[in-house]
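Residue numbers (numbering that gives the first Met the number 0), protein chains in the order written: chain H, 0 to 479; chain A, 0 to 176; chain D, 0 to 133.
Keep in mind the hints are simulated off the structure, nothing from the lab. The reader is advised that the hints may include incorrect statements.
[As the list claims (entries may be wrong)] Label-pair distances were calculated between CB atoms; the ranges are:
no., chain 1, residue 1, chain 2, residue 2, range
1, A, L115, H, R466, 54 to 60 Å
2, H, S265, A, Q46, 50 to 56 Å
3, D, W3, H, K156, 23 to 29 Å
4, H, D31, D, W3, 57 to 63 Å
5, H, D31, A, G143, 45 to 51 Å
6, H, V269, A, M116, 55 to 61 Å
7, H, R145, D, M44, 38 to 44 Å
8, H, G401, A, L75, 34 to 40 Å
Quick caveat: nothing in here was measured; it's all calculated off a predicted structure. For glycine and all other residues, C-beta sits at the position ideal for the given N, C-alpha and C.
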Amino acid sequence: MFNSSFDAVVPMLCVTLAALAAMGAEAFRARDEKMPIGGLGIIGLVGAGVACALLWNRNTSSFGVIVADNFGLFVTMVLVIVGILTIMFSSQVLEVDNLPRGEYYALLLFGIAGMMMMATANDLLVVFISLEILSLAVYVLTGIRRDDPRSTEAAFKYFLLGAFSSAFFLYGIAFTYGLTGSTRLDRIGAFLAAQSMSDNPLILVALGLLLVGFAFKISAVPFHMWTPDAYEGAPAIVTGFMSTGVKAAAFAAFARVFLSAFEPFSQQWVPVIWVLAAATMILGTVVGVAQSNLKRMLAYSSIAHGGYLLVGLVAANQIGKAAILFYLLAYAITNLAAFGVIAMLASSNDENEELRDYKGLWHTHPALAAMMTVCLLSLGGLPPTVGFVGKWYIFSAAVSSGYYGLAVIGMLTSVVSVFFYLRVVVMMYMSEREGPEPVRPRIARMGMVALTLSVILIFYLGILPTRVLDYAAESIATIF
Amino acid sequence: MPDTLIFYALSGLAILASALVIGQRNPMYSVMLLIASFGALAGLYIQLDAPFVAVAQIVIYAGAIMVLFLFVVMLLNAPQEDAAEWDRTHPLRQGGVGRFGAMLALLLVVQLAWALMRANDVSDAVSSRGDVATVSSVREVGRGLFTDYMFAFEATSILILVAMVGAVVLARQERGQ
Amino acid sequence: MDGWLGVLIMLVLGVGFAAVMIGLSVLLGPKNPTPEKLAPYECGMPAVGDARERHSVKFYLVAMIFLLFDIEIAFLYPWAVALRDLGWPGLMQIVTFFMILSVGYLYVWRKGALDWAPAARARNALRRGPRKAA
């Protein structure tokens, strides 16, 4: 029992300790004392990143349920980046909205620890517990602006539907355990491969229930209903965090569960995910065009991006699996930076998140407008940004596996989505603002640094992607 | 046949109490009846040779969760609630919702009937694996929990912590306001 | 299931005793009710207002925290039963579990979520009076 090494849990341990320290600091601070709790979080995250780098290629596992293979470590690195950027963007938001700092950072870090656990979990029970940790943290963060009824409503909807989907997921785990006698993914996979259970309807029930649970977390159509409301009501930076971090962690676990444990049943689940992917891409794009609220528009855009990721899961060849990882990184940086801009432009009484609030932004905040443009172009998948490389990689995986239909749908929806991203860009540059200038807060330096870093990463990965692509390709070699 | 007798007594009690939960006008009585229903369920778990589940049912459901329910009922001052104006126009009172609920209930009944009809298949599928009888006593649960599932167990403490912070953040009254 | 017979007998005895006592008092007790006798007993004082008052939100928070700590009991119970099999590693695990949760306990305590009169506490803080040490 204790001969297993602790190595694989070190990254999430760093983040958890930072979260515990944040709680302690919040508990013992004097009434009006301001503590550098955000810095504490960044230290923990950097520690986790260093641990990831040290564990790379070592393929360790702890307690048999946490495996630090390169796949999990790659996603953990993405989560470290998401965490650091979120904390850097947050300092200004916390100031403007007067949110409880200690609790905010503690929940954020606990959420990231849960995500890391989910990305490296090799046991359905651990996947479930980590899913609950990150979900609870994100529910509370969604509703953390208690005086704002929209925030509370968003949190409430998200919580109810999320609890419902967790129940589905748990039910699926129960069925799987009942049929195979284990919750470990490797043992389930071995059991299913050894015994032909394809005539057993119960295994399909289990598969379906697990699929619903995952589809909810990655907001795939038709389980996306909560997404626009939750994303719109939450504080912008929290939306950025949950649309990237939760999605990355859930996708990692999704890929691991379905591509390792349920690989013998791919005949059954691939067509279902094909339909989900197509519906998700189409609905996310088409409905996104009609939105007038920027946060809502980006919510639909993030639904559509989930669809592209599902394409990688359907393709499931060597390129497809690596493409999922690279796309997760690309999408995480880009989307988080876009929400970071929205968060920084929001003032305490007016969120300034309608599209018309962005008219003429170029004339008042040229730097922010330029960086927002880069993010939107990357989301739309235009070269030379990282979004282009990610999409190209995903679609070429689909083509090489023979899923031409999905590739065509993906390309068409990408073209349509460029339209609504460009609409915002045009508004920022061309239009003059009519009416009074909205009240904007002073832009914090920390947020600008984070934004600049993101933009540099977007261009670097867009122009010289080979190195990170190699890492991604190395990652999938270890497990599947 | 005392086993069968006890089974019918307990399940009868559970069904009766659950039916009465819905029938009460005073939510306080509903909560009390739900506790009775949980107690009867705990007895059924004991009959199923799952003493740990039975104890958890009493300690967590009948104990803590029902205390929470009671407090919420008292918090909302619910006994007077169904006289309130808005209650008549509440969205949940509309026919469509009722029909949807009835449909779901019917679906559940059909599904249960189907499952029971095929009970042989189910028990075959489950008992075909070798280790059915291993997890039953509390001692076995404890052994499993602290060896195979020890990481999941430790991770639960983080989950509880997050819930604690969340509860304090969302429910605390602002100091000095 | 053998050990549960005692529990069943205990349960039947308990319920039966209560039922018999209430039944006997209903059957044998003299009944000549007056309005005063039927009124709820409030230490001899006439009752004021309705018993069903709206309770403070604080009860909810306390119930919530009680629930969270109650879940620990569900883990303690199998641990205690399997203690001899688990030995020192088991003890280490439960201690770790409690150490992590005690951070939560400290947090809840220091945040004043368990204080019953935060208003009074805030007043004390304003007057710079002596603060309760944690």
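For this session: Taking the numbered hints from earlier one at a time, note which ones the structure violates and give those numbers from smallest to largest.
Result: Numbers 2, 3, 6 and 8, in rising order.
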